[in-house]
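Everything in the sequence shown is counted per numbering that gives the first Met the number 0, starting at 0 for the first residue and increasing by one.
Keep in mind that the hints are not guaranteed to be accurate.
[As the list claims (entries may be wrong)] Straight-line C-alpha distance at most 25 Å; calculated SDA-like pairs for lysine to any residue: (1) LYS269 with ARG210; (2) LYS269 with PRO228; (3) LYS71 with LEU247.
None of these hints come from the bench; they were simulated from the model.
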Amino acid sequence: MTEARVLSGIEFARAGDEGSHPLLLDLYLPGPEGGAAPRPAVVHFHGGGWRVGERSSLGPVLDGFGISAFEKLTDAGFVVASADYRLSHEAHFPAQLHDAKAAVRWLRNHAADYNVDPDRIYAWGDSAGGHLASLVGLTANAGGADADAAVAAVAAWYPPTDLGRMAEQSLPAAVARADDPGSREELLVGAVLTDEPAKAAAASPISYASRSAPPFFLAHGTADRFVPPTQSASLAAALEGAGAAVELLLIEDADHMWILPDHSQAAAEKAMGATVSFFLRQSRPPDTQAT
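With the hints as extra help, turn the sequences into a complete structure.
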């Protein structure tokens, strides 16, 4: 294991009226640095239905398992930035996406300060954070005005990807549906989804699937009662159909936050291991990624 350093509470942007809302990130740095080549980096966005959550957490269940996700990435040689974004009671979409892109921009602009390779910055998120990571990957034009917010790959755990179809795709045992009054999704866009299909589409990663997408890794449990597993499968199909590189991992019987019927952490460990492996493969030179 490496001796990682953690730099907590770095302000990367200000948002809201007249920049009154400071946005913070925590930076996890592998050690020792000692003249090493610039490192790949992962920007992480937390879950919590865009309503709650903390940048230091992957949710209460995974925290309870004691899986040190950021440490696993720093052990593998990655710098990790876990960033805040405005929650839905503070601002409606697309504020959250603007904040997520600001975190990527900050890391790229400070790459030399933290020995980061600006061409190997990736996005990762769980649930609502997976939704934002996906949007960052799909809407930042690597060759245009938004190039400083582009990422070279995306990993998303159980992300909402098609808000307009979430309700119809819900499993029979669902405990939360996008068409519930005051659902997380409606609070995000500030409207009833069926009344504002354009807003739902604008906030849906699947709307932006194209051949120019960076490589994607999508992971979902087949028993997810909060975000239907078809949400990941549909985005994977759209990306594949567009000619983009995508990997889909469906974990049988796993609910949201990788809860299994036997309450073991096997699904969480499988997802975490596959995520680290995906980023390691992306961080290698192109001629070695298949090995």
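- request: May I ask which of the numbered hints given earlier this structure violates, with the numbers listed in increasing order?
  value: 1
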